[in-house]
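Peer 1: Take a look at the letters that make up each chain.
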Amino acid sequence: MSASSENINELIGEKYKDGFVTELETDSFPPGLDEQIVRALSAKKNDPEFMTEWRLDGYKQWLTMDNPDWAQLSIEPIDYQAISYYSAPKSLEDGPKSLDEVDPQLLETYKKLGIPLGEQERLAGVAVDAVFDSVSVATTFKDKLSEVGVIFCPISEALRDHPELVKKYLGTVVPQGDNFFAALNSAVFTDGSFVYIPKGVRCPMELSTYFRINASNTGQFERTLIIADEGSYVSYLEGCTAPMRDENQLHAAVVELVAMEGAEIKYSTVQNWYPGDENGVGGIYNFVTKRGECRGANSKISWTQVETGSAITWKYPSCVLLGDNSVGEFYSVAVTNNYQQADTGSKMIHIGKNSKSTIIAKGISAGKSQSSYRGLVKVAKSAENARNYTQCDSLLMGDKCGAHTFPYVEVKQPSAQIEHEASTSKISEDQLFFCLQRGLSADDAVSMIVNGFCKEVFKELPMEFAVEAQALLGISLEGSVG
Amino acid sequence: MLKVENLHASVDDKEIIKGISLYIKPGEVHAIMGPNGSGKSTLSNVLAGRDGYETPEGEVLFNAKDLLEMAPEVRAQEGLFLAFQYPVEIPGVSNIYLLKAALNAARQARGLDALDAMDFLTYVKSKTKMLKMDEKFLYRSVNEGFSGGEKKRNEILQMAVLEPKLCILDEVDSGLDIDALKIVSEGINSLRSPERSFVLITHYQRLLDYIKPDFIHVLADGKIVKSGGPELALELEKEGYGWIEEAAKA
Numbered sequence: 007m008s009a010s011s012e013n014i015n016e017l018i019g020e021k022y023k024d025g026f027v028t029e030l031e032t033d034s035f036p037p038g039l040d041e042q043i044v045r046a047l048s049a050k051k052n053d054p055e056f057m058t059e060w061r062l063d064g065y066k067q068w069l070t071m072d073n074p075d076w077a078q079l080s081i082e083p084i085d086y087q088a089i090s091y092y093s094a095p096k097s098l099e100d101g102p103k104s105l106d107e108v109d110p111q112l113l114e115t116y117k118k119l120g121i122p123l124g125e126q127e128r129l130a131g132v133a134v135d136a137v138f139d140s141v142s143v144a145t146t147f148k149d150k151l152s153e154v155g156v157i158f159c160p161i162s163e164a165l166r167d168h169p170e171l172v173k174k175y176l177g178t179v180v181p182q183g184d185n186f187f188a189a190l191n192s193a194v195f196t197d198g199s200f201v202y203i204p205k206g207v208r209c210p211m212e213l214s215t216y217f218r219i220n221a222s223n224t225g226q227f228e229r230t231l232i233i234a235d236e237g238s239y240v241s242y243l244e245g246c247t248a249p250m251r252d253e254n255q256l257h258a259a260v261v262e263l264v265a266m267e268g269a270e271i272k273y274s275t276v277q278n279w280y281p282g283d284e285n286g287v288g289g290i291y292n293f294v295t296k297r298g299e300c301r302g303a304n305s306k307i308s309w310t311q312v313e314t315g316s317a318i319t320w321k322y323p324s325c326v327l328l329g330d331n332s333v334g335e336f337y338s339v340a341v342t343n344n345y346q347q348a349d350t351g352s353k354m355i356h357i358g359k360n361s362k363s364t365i366i367a368k369g370i371s372a373g374k375s376q377s378s379y380r381g382l383v384k385v386a387k388s389a390e391n392a393r394n395y396t397q398c399d400s401l402l403m404g405d406k407c408g409a410h411t412f413p414y415v416e417v418k419q420p421s422a423q424i425e426h427e428a429s430t431s432k433i434s435e436d437q438l439f440f441c442l443q444r445g446l447s448a449d450d451a452v453s454m455i456v457n458g459f460c461k462e463v464f465k466e467l468p469m470e471f472a473v474e475a476q477a478l479l480g481i482s483l484e485g486s487v488g
Numbered sequence: 005m006l007k008v009e010n011l012h013a014s015v016d017d018k019e020i021i022k023g024i025s026l027y028i029k030p031g032e033v034h035a036i037m038g039p040n041g042s043g044k045s046t047l048s049n050v051l052a053g054r055d056g057y058e059t060p061e062g063e064v065l066f067n068a069k070d071l072l073e074m075a076p077e078v079r080a081q082e083g084l085f086l087a088f089q090y091p092v093e094i095p096g097v098s099n100i101y102l103l104k105a106a107l108n109a110a111r112q113a114r115g116l117d118a119l120d121a122m123d124f125l126t127y128v129k130s131k132t133k134m135l136k137m138d139e140k141f142l143y144r145s146v147n148e149g150f151s152g153g154e155k156k157r158n159e160i161l162q163m164a165v166l167e168p169k170l171c172i173l174d175e176v177d178s179g180l181d182i183d184a185l186k187i188v189s190e191g192i193n194s195l196r197s198p199e200r201s202f203v204l205i206t207h208y209q210r211l212l213d214y215i216k217p218d219f220i221h222v223l224a225d226g227k228i229v230k231s232g233g234p235e236l237a238l239e240l241e242k243e244g245y246g247w248i249e250e251a252a253k254a
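Note that the protein sequences, when read in sequence, are chains A and B.
Mapped onto the working numbering, the consecutive letters of the first sequence carry residue numbers 7 to 488.
Mapped onto the working numbering, the consecutive letters of the second sequence carry residue numbers 5 to 254.
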């Protein structure tokens with residue numbers, strides 16, 4: 007091994023900056039999962055009756071299912087009976103009515119994470135729903151949004167205030183029995199965000215949810231449901247962090263998007279769950295089912311994700327393109343370092359005529375990590391003139407990591423056009439030396455080269471997020487090349 | 005400016021440079037010529053601080069500072085510039101971004117404030133104008149899809165922006181047709197000044213038709229076997245390197 011590759015490894019020493027723990031009195035369930043726990047949880051959330059039944063249905067289906075083992079991931083068996091399925095800060099027991107009633111320690115936590123929730127200092131032009139362990143802490147700008155008829159609230163609140171809307175759409179994109187983790191989530195989901203954009207409304211600000219796992223031995227199971235009614239538009243951002251702990255923690259989320267005729271949903275994620283330490287101890291297991299349905303003609307759903315955290319990532323944001331001329335997009339940057347493993351990609355299901363989809367996936371692997379792209383492009387007989395373009399690029403740093411690509415294509419319509427491009431490259435010693443010779447530090451050089459590699463994806467992110475994503479990439483790979 | 009004293013350098017325990025001494029004053033242009041494998045590129049890599057080279061013997065002083073002790077980026081910030089024989093591509097990173105990052109890294113190392121976007125733009129445009137380059141160049145990804153000539157011109161642009169004290173040009177003429185060679189040479193000549201020194205590393209004499217050196221050194225088997233004025237180039241052109249290699253072996 008040359009001196010440079012040693013430096014590459016030396017420099018891969020990421021510091022996780024969001025790894026602190028907030029000391030709070032919490033109200034938690036004992037570990038374990040059975041019908042009683044599901045009922046108790048449902049009672050805790052004051053679910054309407056249909057919801058309790060819905061959860062139990064999910065739980066029963068879950069019992070008949072097995073942990074999926076087809077992904078390119080090596081995971082220690084998860085003991086689902088060792089996890090507590092509900093944890094909430096005690097101060098939120100009765101539910102804060104306004105931000106003034108929120109525990110100052112919680113506000114402080116979000117402030118440390120760079121998510122100010124206080125009236126004076128909150129992000130201009132971005133409405134935030136902050137979810138702490140199992141409950142929503144605060145949602146900002148609610149009033150301003152309701153003026154134009156936009157509903158943006160914790161899903162538990164939506165179940166209380168708009169049960170008919172939730173009932174109409176929940177589980178219509180990702181049914182309870184869709185997969186093992188979706189079934190588990192259906193049974194025990196505790197909070198998440200609910201968004202409804204009425205007909206013809208262009209949501210006046212970015213909506214964002216900030217997820218934080220704090221308590222130990224708990225899982226986070228959130229459920230997000232976004233409905234964009236005819237001709238509406240919304241851009242939604244999601245961010246995630248967790249403390250540094252030695253044990254693995256489970257995060258199994260479900261996100262459902264529904265775009266009606268002519269509607270557009272842009273969903274962006276910056277996922278920075280705790281990835282574990284440099285020896286692979288601890289870290290979040292991130293099993294997420296994200297799917298959007300372009301239900302109406304001319305509708306569009308666009309997923310953009312920057313995945314830098316989690317010990318394990320298992321995630322395939324997908325689009326079901328039902329409507330004619332509907333458009334699905336997936337832009338992804340997945341960074342793995344140390345012992346992280348990521349199996350991520352997208353599914354594009356073409357059903358409507360002239361439906362179009364684009365997949366741009368960039369994988370960056372450093373340390374001893376493994377990164378896989380897994381994608382499915384399916385064109386049904388009905389989808390005349392469907393088009394897909396897929397591009398998967400992998401960038402390797404050092405010589406102990408791996409990148410894999412598993413593209414699946416199923417086409418039943420002869421007029422469909424499917425393109426697939428893939429590349430694998432390394433940050434070469436030549437590139438690095440060139441940058442050093444121009445006076446840049448090794449860290450700045452890596453950050454610049456990697457950001458260049460990810461450019462096509464970053465340009466899809468909203469401005470505020472793009473800056474954060476670039477910085478995060480720099481931190482994740484700090485010291486990864488020399 | 006640069007003082008190389010009895011420099012030895014090896015790669016994987018194989019000695020490539022076997023005792024070179026070289027003295028360069030401000031404003032001087034030195035050409036280092038020699039056949040393939042004589043150690044020309046090794047010399048430029050060692051001076052620029054590339055990884056993988058050992059320097060068991062010898063000393064290099066750059067403006068009275070120990071050059072071999074400095075990290076490669078520090079050498080660059082101190083004003084040493086290497087124009088590469090094969091400039092690399094950096095997809096997705098625009099030229100202007102690289103130039104700004106490089107210039108500001110050097111400015112900050114010298115205790116100056118970083119230039120803001122507007123000031124930088126004005127500055128960099130004055131450089132493209134001086135080198136008669138299209139401004140569109142600035143917004144293309146670094147060397148991506150560039151022709152051989154464009155890549156070399158891009159190196160000269162970087163040199164112009166960074167205003168180094170010592171420029172080492174490694175086979176800047178390789179892969180260029182005569183027109184491209186003229187353009188690149190013009191660029192280099194426009195950057196000559198009484199404070200700035202150049203080291204031209206080349207295999208062929210033809211580069212020296214366009215850039216007149218003050219001194220020529222002939223390198224063979226890791227040693228300077230002959231030094232002289234510009235007339236030495238013509239001698240080499242006529243006689244080839246054969247007699248020199250013979251002399252080195254003897």
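Hints in this document: simulated from the structure, not taken from any laboratory.
Computed from a predicted model, the values in this text were never measured in an experiment.
Each hint should be verified, as a subset may be incorrect.
Label pairs and their in silico Cβ distance ranges [what the hints assert, rightly or not]:
#: 1; chain 1: A; residue 1: Ile81; chain 2: B; residue 2: Tyr143; range: 37 to 47 Å
#: 2; chain 1: B; residue 1: Tyr90; chain 2: A; residue 2: Asp75; range: 39 to 49 Å
#: 3; chain 1: B; residue 1: Arg144; chain 2: A; residue 2: Val154; range: 41 to 51 Å
#: 4; chain 1: A; residue 1: Val473; chain 2: B; residue 2: Gly244; range: 52 to 62 Å
#: 5; chain 1: B; residue 1: Arg111; chain 2: A; residue 2: Val473; range: 21 to 31 Å
#: 6; chain 1: A; residue 1: Lys406; chain 2: B; residue 2: Tyr90; range: 20 to 30 Å
#: 7; chain 1: A; residue 1: Gly408; chain 2: B; residue 2: Lys129; range: 53 to 63 Å
#: 8; chain 1: A; residue 1: His426; chain 2: B; residue 2: Lys242; range: 38 to 48 Å
#: 9; chain 1: A; residue 1: His410; chain 2: B; residue 2: Tyr90; range: 27 to 37 Å
#: 10; chain 1: B; residue 1: Tyr143; chain 2: A; residue 2: Val154; range: 33 to 43 Å
#: 11; chain 1: A; residue 1: Val473; chain 2: B; residue 2: Gly233; range: 54 to 64 Å
With a Cα cut of at most 25 Å, we get these calculated PhoX-like pairs of lysine-lysine [as the list claims (entries may be wrong)]:
#: 12; chain 1: B; residue 1: Lys140; chain 2: A; residue 2: Lys465
#: 13; chain 1: B; residue 1: Lys22; chain 2: A; residue 2: Lys432
#: 14; chain 1: B; residue 1: Lys155; chain 2: A; residue 2: Lys461
Each residue gets a CB set at the ideal place from its N, CA and C atoms; glycine is no exception.
Peer 1: With reference to the structure, classify each hint as holding or not holding.
Peer 2: Going down the list of hints, with the structure as the test:
| no. | hint | result |
| --- | --- | --- |
| 1 | A:Ile81 with B:Tyr143: 37 to 47 Å | holds (45 Å) |
| 2 | B:Tyr90 with A:Asp75: 39 to 49 Å | holds (46 Å) |
| 3 | B:Arg144 with A:Val154: 41 to 51 Å | holds (43 Å) |
| 4 | A:Val473 with B:Gly244: 52 to 62 Å | holds (59 Å) |
| 5 | B:Arg111 with A:Val473: 21 to 31 Å | holds (23 Å) |
| 6 | A:Lys406 with B:Tyr90: 20 to 30 Å | holds (28 Å) |
| 7 | A:Gly408 with B:Lys129: 53 to 63 Å | violated (45 Å) |
| 8 | A:His426 with B:Lys242: 38 to 48 Å | violated (58 Å) |
| 9 | A:His410 with B:Tyr90: 27 to 37 Å | holds (31 Å) |
| 10 | B:Tyr143 with A:Val154: 33 to 43 Å | holds (39 Å) |
| 11 | A:Val473 with B:Gly233: 54 to 64 Å | holds (56 Å) |
| 12 | B:Lys140 with A:Lys465 | holds (20 Å) |
| 13 | B:Lys22 with A:Lys432 | violated (34 Å) |
| 14 | B:Lys155 with A:Lys461 | holds (22 Å) |
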